[in-house]
Structure formats: structure tokens, C-alpha cells
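Make the full structure from the sequences, and use the hints.
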Amino acid sequence: MTRSLNDLRPVYVVGIGWHRYQNPSETPYVALGLTAIRAALADARIEWPAVESTYVATALLGMASGRPMLRHLGATGAPLMHVENASASGSTAFRHACIEVASGISDVALAIGVDKRNPVRRAETGIGHLAEDAIVPFTHFALLTNEYAVRHNATAEDIALVAVKNHRNGAKNPNAQRQQERTLDEVLGGKRVSGSLTSLQCTPIGEGAAAVIVASEDGIRRLGIDAGRAIRTTASVGRSERVYAPGAGFDAALTKETADLALAQAKVTPGDIDIIELHDAFTVEELHYIESIGLCPEGHGVRMLKDGALDIGGQCAINPSGGLIAMGHPIGPTGIGQIGEIVMQLRGEAGARQHQGARTGLAHMVGVGAVCYVHILQN
Amino acid sequence: MQPSKLLKPELYSAGSSDGDGATARLKGGRCRCGYVFFPMQTYGCERCGSHGDALTPYELSTNGTLLAEATVHLHADKNRPAPFTIVKVALDDGPVIRTLLADDSARVAPGQRVTGRLVPTTQSESGETVLDLRFSAAS
Chain S
494 MTRSLNDLRP VYVVGIGWHR YQNPSETPYV ALGLTAIRAA LADARIEWPA VESTYVATAL
554 LGMASGRPML RHLGATGAPL MHVENASASG STAFRHACIE VASGISDVAL AIGVDKRNPV
614 RRAETGIGHL AEDAIVPFTH FALLTNEYAV RHNATAEDIA LVAVKNHRNG AKNPNAQRQQ
674 ERTLDEVLGG KRVSGSLTSL QCTPIGEGAA AVIVASEDGI RRLGIDAGRA IRTTASVGRS
734 ERVYAPGAGF DAALTKETAD LALAQAKVTP GDIDIIELHD AFTVEELHYI ESIGLCPEGH
794 GVRMLKDGAL DIGGQCAINP SGGLIAMGHP IGPTGIGQIG EIVMQLRGEA GARQHQGART
854 GLAHMVGVGA VCYVHILQN
Chain V
94 MQPSKLLKPE LYSAGSSDGD GATARLKGGR CRCGYVFFPM QTYGCERCGS HGDALTPYEL
154 STNGTLLAEA TVHLHADKNR PAPFTIVKVA LDDGPVIRTL LADDSARVAP GQRVTGRLVP
214 TTQSESGETV LDLRFSAAS
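So the protein sequences, as listed, match chains S and V.
Take the first sequence: its position 97, counted from the start at 1, is 590 in my numbering, and no numbers get skipped.
Take the second sequence: its position 73, counted from the start at 1, is 166 in my numbering, and no numbers get skipped.
The hints are simulated quantities; they were obtained by calculation from the structure and are not laboratory data.
Small disclaimer: the values here were computed from a predicted structure and weren't measured.
Even for Gly, the Cβ is constructed at its ideal location relative to N, Cα and C.
Be a bit skeptical, because a hint or two may be false.
Claimed, not checked - Computed spacing ranges between beta-carbons, pair by pair: (1) S518(S) with R206(V): 44 to 52 Å; (2) N156(V) with V613(S): 32 to 40 Å; (3) E617(S) with P150(V): 19 to 27 Å.
Unchecked claim - Some chain S residues judged to face chain V by a derived CB distance under 10 Å, without partners named: (4) R560; (5) A624; (6) D626; (7) A627; (8) V629; (9) A635; (10) L636; (11) N639; (12) E640; (13) N646; (14) Q673; (15) L677; (16) G688; (17) S689; (18) P739; (19) N872.
Written out as C-alpha cells, the structure is:
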């Protein structure tokens, strides 16, 4: 008999911190990561030796980047591991930090995501391809945009409204890479990238760091952490791509099955969710994923967007942080930063972008289509 | 006719030739479980995990229906100067593939019938015309 995270002992997020996501710079990753970790320790009001285990999420820094960063906190000898899972690296690190605490192996664990923009290298499989070298991620999503637009009679303007909303949210987030409101004309008038996608509808290239500290009830008591600011993780699910019907969008299908499992684990319905941080690397993804998560039937996402139902203060705030489009997507940090945003919202500490009365938040990431992670947090 | 060679002979073979280039057949595979895939490989079946002799070569027609198209305006690789158009095609024989639209194709839209042909791309060092697969609106 196997068990899910929510069947194990409760695990809470007790500390969150960032180094702002930003354009590529000369700042070493060590400085980015330490800034986020120290902010999370300060937020939890604990000292570094209390952390019993660390998961370092990074996709682009190369081998064993954690120790040269963590040693500057005082080398405690606590275990350390690195997690690479494409865009979902941070979400995966968070899941395993939660599992370690929920299992009783540790009382306090850290998930830290840090990355600098470096070339992506993927090994050859030995199987040939027709033109995959010509199909970078933005073209994969330009193809999905074309399919979505034709199937659901949506215009390029409709889909671009996702970017207008997320830039508006990002403009209120001091940790966002892009902090500027954009009109629909600005979004549509920007540099054309692929298909109908323009640059302001695509996540920017950047760097940064995000850290989250999780703890058990024993750890919270022992360290005197403020339990009133602790936010429980009530579901954690990871899945990978299967074989779907020919022509089915695997991104949406994989998200649906992962989200369904997470909702069942937390014993909530899509209507119970107040905020969602999801993988909007490209505008069309937000529509696909809110439909896959079950906020509305397939093809109805544009209607919700136009009605303001997805705004902060609406029915369910989608990407109140600004999402990958505005907050940014430095890869390793992204999934951890989503958890931090949800925690801030559920504590009621999100300031200008607070979604009033937020009780339940969902974080979603995909990684090169192949993997999907969903977490649910509740206060 | 001038000598020619295929850019990726492990992926497709040439059929009869006409003025627009050669018709092509795709070198797909079929598993004992019935799953049809492209390209051929013997590592193992994505659906059931069978490998080796369970997987056999299975030629696929290039006829299919367009699922999506996207014209790429920016591309970092200098070997593929933009703009070019990528098409996602549901082959009549099952697999969904993504590849390049022929430069001389009529405009295409989802739902439209398309077909693949081998068209001249570059010259090899020995002076042969190098043929590669491109899709076009079916005539």
C-alpha cells in the first residue's frame, strides 16, 4: 500500500526568499543563491544550522554547484543534493524536500533554486529527426497557439490578453524580471518571434534565485517558528508524459492527469482554488492549463480572461506573481518561486497584488513537456 | 537527370520522380502491440516497452492532414535562416510529425490535406544535389 504526501505527517512552508529575477548579469550564481537563502532563513526566523537537508534545483549551472554556494552559510555537514528536471527542477526539489520532512527523516529542509543563463545542452539519443533542430520551444507553442485559435475560434488578440494580465501583475512584484504594465497594442506590436507569438508573450531569458524552507510540526515547535505564518502543503504530485491519442496536446493532457491527482489528494475541487501559479512560458499555455486543471471547459479560457475572472480579485487569480511571462523563468528557481508567491498570498502578505481571502493555492510546472508537477497549499 | 542523394536516408526513401521532386516514403516502425511510430528504432516501444524483434520497419505514406503551422520569424541557428514555416501533420498512417513546409507551397491552414516530397536543398561537395523532405498543400 503506497501513500501520498497528504497521508504522511503534515509539512509546512515556514520561510520564503528570493533574489530578484533579472536580465543576465555579471553577478555570480553564489551571490544570487545566498541572497535567496538568507531571505528565507530571515523570513522563518531561524538560523542556518537548523536546516537538516538541502535540495538545490538548477538546470544550467553544471555539476555540483551547490557546495560552493552553501559553504558560505557555515558548513554544517548536512546532506545536499542537486535536482535537474528542466523547467520543473524547482518544483521537483520542493516535492522532495516536502517528502523528506513528511516522512520523518528531517524536521527542516531547504529547497533552493538558482540559475544563470547558459547554453542548454541535450545529449543525442541516436534516433534521427526530420527538423527538430528548427523547432525551439517558442515554435512548439506557436504551433499549439495556431491549433487553439482554430479549434476554439480565438483571435491572436484574445490569446495575447494573457500577457497583458501577467505584465500587469508583474509590475507590482519587486522580484519580477519585467515590472512594466503593457497594453494589448504593445504586446501585439512587439517583435514577432514565431507564428502569432510576439516577444512580450514569451518568457524572458534571465537569472535569479528562490528559496523555500519546509518544516514539520515538531520542527516548528522546537525552533519556535510562528505557526500562524506556516502554510501547509496538502498535495504533491509528479507525473511524466505517456502516449496520448494521435494529435492530442500532450502538454494539456499531462497537466490534466497530474492536476486531477493533486486535487483528489488535497480533497478539493477546481472551484475551491483561489490562486494558481502556472507555467505560462507562452501565452497560450495559460489557457490550456486552466482548462486542464478544470477551472472551465475546454475553449472557455478566453471568456474567463475577458470577464476578469483570472485577475487578482477575480474568481481565481492566475499568476498573481506575473508568471513566467513577467516574473520570469530562470529555470531552477521558477517552481520554488511559485511556492513562495502562493505562501505570501495565503499569509495575506502580498501587498499590492494580494488576492483577498486566498485560502487555497495551486502551483503547476511542466518541464520540456516530459514532466509535470502540481502542488496544493492551504492555510 | 543530375545525380542526387538524400540528406537523411535513415528517415525516408525516394519513390518516383516528377517535375516537382520525388515522392517520398517515411521509414517508420510498427510494434507487435500494433503501435506505429516514426522514425524506426529498436530501443523499445513507447507504448508497451517491447524491444528488439518486436519492432519491425513499417513504411509510412507522407499523406496527411495539417494540425498546425507556424512561421518562425527568429531563429538563432545561422544554418536555418528565418523565416521558415513548421508544420505539424497527422499522417494517414498514424504518427504525428513536425517538419518544414516547402518554400513554394501554397499557404496552409489546419484541416488541410498535405503531402511530403523530396526537394533539392543544397549541393554536396561532390556536386550531387541533396534532397530533403518538405511538405506542401496537396494538389
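Verification of the supplied hints:
1. S518(S) with R206(V): 44 to 52 Å: Holds: the Cβ-Cβ distance is about 50 Å, inside 44 to 52 Å.
2. N156(V) with V613(S): 32 to 40 Å: holds (35 Å)
3. E617(S) with P150(V): 19 to 27 Å: For E617(S) and P150(V) the Cβ distance comes to about 22 Å; the hint holds.
4. R560: This interface hint is violated because 33 Å lies over the 10 Å limit.
5. A624: holds (5 Å)
6. D626: holds (7 Å)
7. A627: holds (5 Å)
8. V629: Cβ of V629(S) sits 7 Å from chain V, so the hint holds.
9. A635: This interface hint holds because 4 Å falls under the 10 Å limit.
10. L636: holds (4 Å)
11. N639: Holds. Min distance 4 Å.
12. E640: This hint holds: E640(S) lies near chain V, its Cβ roughly 4 Å from the closest one there, short of 10 Å.
13. N646: violated (12 Å)
14. Q673: Violated, because the Cβ-Cβ distance from Q673(S) to chain V comes to roughly 21 Å (cut-off 10 Å).
15. L677: violated (20 Å)
16. G688: holds (3 Å)
17. S689: holds (8 Å)
18. P739: Holds - the Cβ of P739(S) comes within 10 Å of chain V, reaching about 5 Å at its closest.
19. N872: At about 41 Å, which exceeds the 10 Å cut-off, the nearest Cβ of chain V leaves the hint on N872(S) violated.
In the structure shown, a violation is registered for the earlier hints numbered 4, 13, 14, 15 and 19, in ascending order.
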